[in-house]
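Please put together the full structure from these sequences, using the hints given.
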Amino acid sequence: MEAKIKVDGLVQIFGNKPQSALRRLRKGKNKDEILKETGQTVGVSDVSFDVYDGEIFVIMGLSGSGKSSVIRCLNLLNKPTAGDIYIDGENIVKYDKKQIRKMRQNKIAMVFQHFGLLTHKTVLENVEYGLGVRGVDPEERRKIALENIETVGLSGWEEMYPNELSGGMQQRVGLARALANDPDILLMDEPFSALDPLIRREMQMELLGLQSKLQKTIIFITHDINEAFKLGDRVAVMKDAKIVQIGTPEEIIESPSNEYIEDFVKDIDRTKIIQAKNIMTKSTALVSLKDGPSVAVKEMRANGIASVFVVDKGMKLQGIVTIEDAIAAIKEKKKLEDILRDDYFTTSKEEYVQELIEDASETKYPIAVTDEDNKLLGVIVRSSILSGLI
Amino acid sequence: MSNFPDIIQFNLGVYVNNIVEWLVANGESVFDAITRGTLSFLLAIQNFIMWIPWYIIILAVVLLGIYVCSWKSGVMYGVMLFIIGGMGLWEEMAITLAIVITSVLISVVIGVTLGILAAYSKRASSFINPLLDAMQTMPSFVYLIPAVMFFGLGMVPAVFATIIYATPPAIRLTTLAIREVSEEMIEAAHSFGSPSWKILMQVELPQAFPTIMTGINQTTMMAMAMVVTSSMIGAKGLGLNVLTSINRLDVAMGFEAGISIVFLAVIIDRLTQGVANKFNYHNESVE
Ligand SMILES: Nc1ncnc2c1ncn2[C@@H]1O[C@H](COP(=O)(O)OP(=O)(O)O)[C@@H](O)[C@H]1O
Ligand SMILES: [Mg+2]
Numbered sequence: 173m174e175a176k177i178k179v180d181g182l183v184q185i186f187g188n189k190p191q192s193a194l195r196r197l198r199k200g201k202n203k204d205e206i207l208k209e210t211g212q213t214v215g216v217s218d219v220s221f222d223v224y225d226g227e228i229f230v231i232m233g234l235s236g237s238g239k240s241s242v243i244r245c246l247n248l249l250n251k252p253t254a255g256d257i258y259i260d261g262e263n264i265v266k267y268d269k270k271q272i273r274k275m276r277q278n279k280i281a282m283v284f285q286h287f288g289l290l291t292h293k294t295v296l297e298n299v300e301y302g303l304g305v306r307g308v309d310p311e312e313r314r315k316i317a318l319e320n321i322e323t324v325g326l327s328g329w330e331e332m333y334p335n336e337l338s339g340g341m342q343q344r345v346g347l348a349r350a351l352a353n354d355p356d357i358l359l360m361d362e363p364f365s366a367l368d369p370l371i372r373r374e375m376q377m378e379l380l381g382l383q384s385k386l387q388k389t390i391i392f393i394t395h396d397i398n399e400a401f402k403l404g405d406r407v408a409v410m411k412d413a414k415i416v417q418i419g420t421p422e423e424i425i426e427s428p429s430n431e432y433i434e435d436f437v438k439d440i441d442r443t444k445i446i447q448a449k450n451i452m453t454k455s456t457a458l459v460s461l462k463d464g465p466s467v468a469v470k471e472m473r474a475n476g477i478a479s480v481f482v483v484d485k486g487m488k489l490q491g492i493v494t495i496e497d498a499i500a501a502i503k504e505k506k507k508l509e510d511i512l513r514d515d516y517f518t519t520s521k522e523e524y525v526q527e528l529i530e531d532a533s534e535t536k537y538p539i540a541v542t543d544e545d546n547k548l549l550g551v552i553v554r555s556s557i558l559s560g561l562i
Numbered sequence: 003m004s005n006f007p008d009i010i011q012f013n014l015g016v017y018v019n020n021i022v023e024w025l026v027a028n029g030e031s032v033f034d035a036i037t038r039g040t041l042s043f044l045l046a047i048q049n050f051i052m053w054i055p056w057y058i059i060i061l062a063v064v065l066l067g068i069y070v071c072s073w074k075s076g077v078m079y080g081v082m083l084f085i086i087g088g089m090g091l092w093e094e095m096a097i098t099l100a101i102v103i104t105s106v107l108i109s110v111v112i113g114v115t116l117g118i119l120a121a122y123s124k125r126a127s128s129f130i131n132p133l134l135d136a137m138q139t140m141p142s143f144v145y146l147i148p149a150v151m152f153f154g155l156g157m158v159p160a161v162f163a164t165i166i167y168a169t170p171p172a173i174r175l176t177t178l179a180i181r182e183v184s185e186e187m188i189e190a191a192h193s194f195g196s197p198s199w200k201i202l203m204q205v206e207l208p209q210a211f212p213t214i215m216t217g218i219n220q221t222t223m224m225a226m227a228m229v230v231t232s233s234m235i236g237a238k239g240l241g242l243n244v245l246t247s248i249n250r251l252d253v254a255m256g257f258e259a260g261i262s263i264v265f266l267a268v269i270i271d272r273l274t275q276g277v278a279n280k281f282n283y284h285n286e287s288v289e
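So the protein lines, in turn, are chains X and P. So the number in the numbering used here is just where the residue sits in the first sequence, counting from 1, plus 172. So the number in the numbering used here is just where the residue sits in the second sequence, counting from 1, plus 2.
Errors might be hidden in some of the hints.
To be verified - Below 30 Å or equal to it, Euclidean Cα-Cα: the simulated BS3-like pairs (lysine-lysine) are:
1) Lys-124(P) to Lys-266(X)
2) Lys-124(P) to Lys-189(X)
3) Lys-74(P) to Lys-279(X)
4) Lys-251(X) to Lys-200(P)
Unchecked claim - Which chain P residues stay away from chain X? Per the calculated CB distances, all over 12 Å, these:
5) Ile-54
6) Cys-71
7) Met-140
8) Ile-166
9) Ala-190
10) Ala-191
11) Phe-211
12) Pro-212
Don't read these hints as lab results, they were simulated from the structure. The beta-carbon is built from N, C-alpha and C at its ideal position, and this holds for glycine as well.
Given below as structure tokens:
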């Protein structure tokens with residue numbers, strides 16, 4: 173797949189003599205040595221990565237690791253000292269002022285940590301801002317702005333001023349303002365870090381919801397590993413101005429590439445990233461509705477279990493039967509339909525393990541994992557939930 | 003006693019004098035144009051104030067006072083104006099106002115421009131700052147000298163001296179205001195691809211406006227403070243009445259003119275402050 177954004181050998185140095193710092197960097201000196209010798213701060217040190225169309229690419233790292241410096245190079249708020257950045261195949265590092273403005277107006281929008289809203293303008297005027305810069309006529313501008321205000325759930329607040337809103341709402345305005353320009357690429361620099369945890373979680377879920385509809389290419393920055401793994405299709409971990417590992421959340425957890433990432437991963441509450449699909453088993457023991465109770469009993473005995481899920485021809489879940497009921501049914505010549513129970517729990521394959529703990533402790537049956545059509549995808553037994561918690 | 007030796011003496015004043023004489027001789031047409039322009043502007047304002055019926059002016063001040071301050075204040079300002087008129091100083095007030103308004107307008111144009119320049123450019127501010135320090139430590143009388151040299155006696159040199167005296171706060175507070183605008187806000191504007199001059203107009207100046215208004219308020223107060231001083235070089239109005247009363251030891255006349263100046267200063271101060279407060283976009287809650 174052709175990358176939407178391709179960053180190649182990006183270096184960014186703060187200070188008035190970046191070239192002398194760059195030479196030292198090329199000789200293999202590290203950030204601290206260069207700071208001591210030249211007084212120049214290396215913000216980004218030889219970073220390369222690709223971002224694909226429609227993915228959420230998270231850059232994670234401790235404060236000062238260079239995350240902001242990288243993301244700010246992507247819309248040229250920071251000027252790269254060396255390296256290339258291709259967006260849709262064009263090297264934006266070579267852009268002149270006019271091209272940069274055009275790119276910012278049309279292709280790439282940013283959401284800021286402290287929102288960056290214009291406090292002398294109303295919510296509506298803020299959301300209209302980018303469109304105004306592009307020269308969209310006022311009527312059209314208003315229409316688009318109102319749509320986007322609705323998208324982020326702020327209808328009715330159009331005439332308020334930013335400082336009359338809560339932090340969460342202000343960031344919704346920031347998001348609406350960025351979305352109003354309909355950019356391909358959304359840059360989000362710790363957009364939820366200034367919010368309290370509850371609001372933060374809510375915003376994360378909403379971002380995922382929005383993304384499933386909008387399919388933007390999102391670069392998302394965070395210092396919170398839980399947030400990174402919750403949102404990221406892929407995650408890049410930064411340390412001392414370098415990227416130390418890139419991968420899917422699962423890849424990073426399963427095989428941290430060095431001690432630094434291991435430490436990072438230790439922090440993580442694993443229940444928040446392990447999902448139902450990671451611990452379910454494709455159930456081998458299954459009974460079809462047209463089978464009789466005796467088949468069910470055989471199936472359970474063969475697998476050493478006390479209950480079994482019943483499905484129809486299309487694998488749609490019909491219910492569960494217990495071994496006692498099935499044996500009784502054979503004697504009373506009942507059909508399988510007559511002894512189906514429905515007091516089991518179901519879940520989707522995306523559910524986090526943490527959410528299943530309570531269900532698991534309340535039922536003696538396994539938990540059924542189903543899709544939207546009620547098709548059985550697998551089952552989760554209690555013991556695997558507990559092991560998922562470790 | 004040990005005096006400074008006579009042989010080591012230079013006449014700096016002579017050089018300055020030469021420069022000024024050269025300027026006056028060669029730039030006569032320029033100074034003439036400035037003088038005529040300023041004077042007609044000044045007279046226009048004065049005539050305008052005299053043309054509006056006095057009760058309309060009082061009513062307007064009362065209403066504005068009520069709008070930006072409070073009921074009581076509005077009425078109080080009206081009463082103050084009424085007293086000035088009652089003491090027979092309405093025309094003097096109009097003249098003084100014309101000088102102050104003209105000076106303040108020009109000061110604000112110069113002050114905001116230089117203030118923006120100093121906020122943007124380190125070099126400009128390293129040039130402007132010491133100049134401002136010098137201007138503010140110098141006694142106001144000193145400004146009368148170049149004013150008289152360039153423009154002679156009358157209203158125009160009064161305006162000129164007042165501008166030099168009153169502009170520094172406008173410059174300082176504009177610079178401060180622009181520098182204080184949230185970095186992230188400006189970056190947000192850049193991130194949408196707005197050109198810099200538009201960011202200045204649409205983001206930085208509106209954000210800086212309340213603080214700039216404070217600067218304008220201070221400039222106005224300083225212009226009021228120059229009223230008596232500048233009457234020494236021929237400015238008419240309330241200041242001249244004060245000066246005359248001092249010369250004649252006329253306490254009654256001095257009191258009436260003096261209290262009128264105080265009233266005027268209070269009214270202008272409160273009204274400009276009130277307007278500034280109206281534009282304080284709840285900014286205090288930003289961290
Ligand atoms: N404008 C700047 N001038 C000088 N140094 C800077 C500037 N911005 C960031 N830095 C330095 O660059 C490094 C990376 O900073 P940053 O990219 O902001 O990190 P992060 O976003 O991961 O916290 C830090 O050492 C920081 O001090
Ligand atoms: Mg940062």
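How the hints compare with the structure:
1. Lys-124(P) to Lys-266(X): Given that 30 Å is the threshold and the Cα spacing comes to 28 Å, the pair holds.
2. Lys-124(P) to Lys-189(X): Given that 30 Å is the threshold and the Cα spacing comes to 19 Å, the pair holds.
3. Lys-74(P) to Lys-279(X): Violated, at roughly 56 Å.
4. Lys-251(X) to Lys-200(P): Judged against 30 Å, a Cα distance of about 21 Å means the pair holds.
5. Ile-54: holds (33 Å)
6. Cys-71: holds (22 Å)
7. Met-140: Holds, since 37 Å exceeds 12 Å.
8. Ile-166: Per Cβ check, Ile-166(P) is outside 12 Å of chain X; nearest 32 Å; holds.
9. Ala-190: For Ala-190(P), whose nearest Cβ neighbour in chain X is about 3 Å away, the distance does not exceed 12 Å, so it is violated.
10. Ala-191: violated (8 Å)
11. Phe-211: violated (8 Å)
12. Pro-212: Pro-212(P) is in fact no farther than 12 Å from some Cβ atom of chain X, at 9 Å.
Going down the numbered hints, you'll see the structure goes against 3, 9, 10, 11 and 12, while the others check out.
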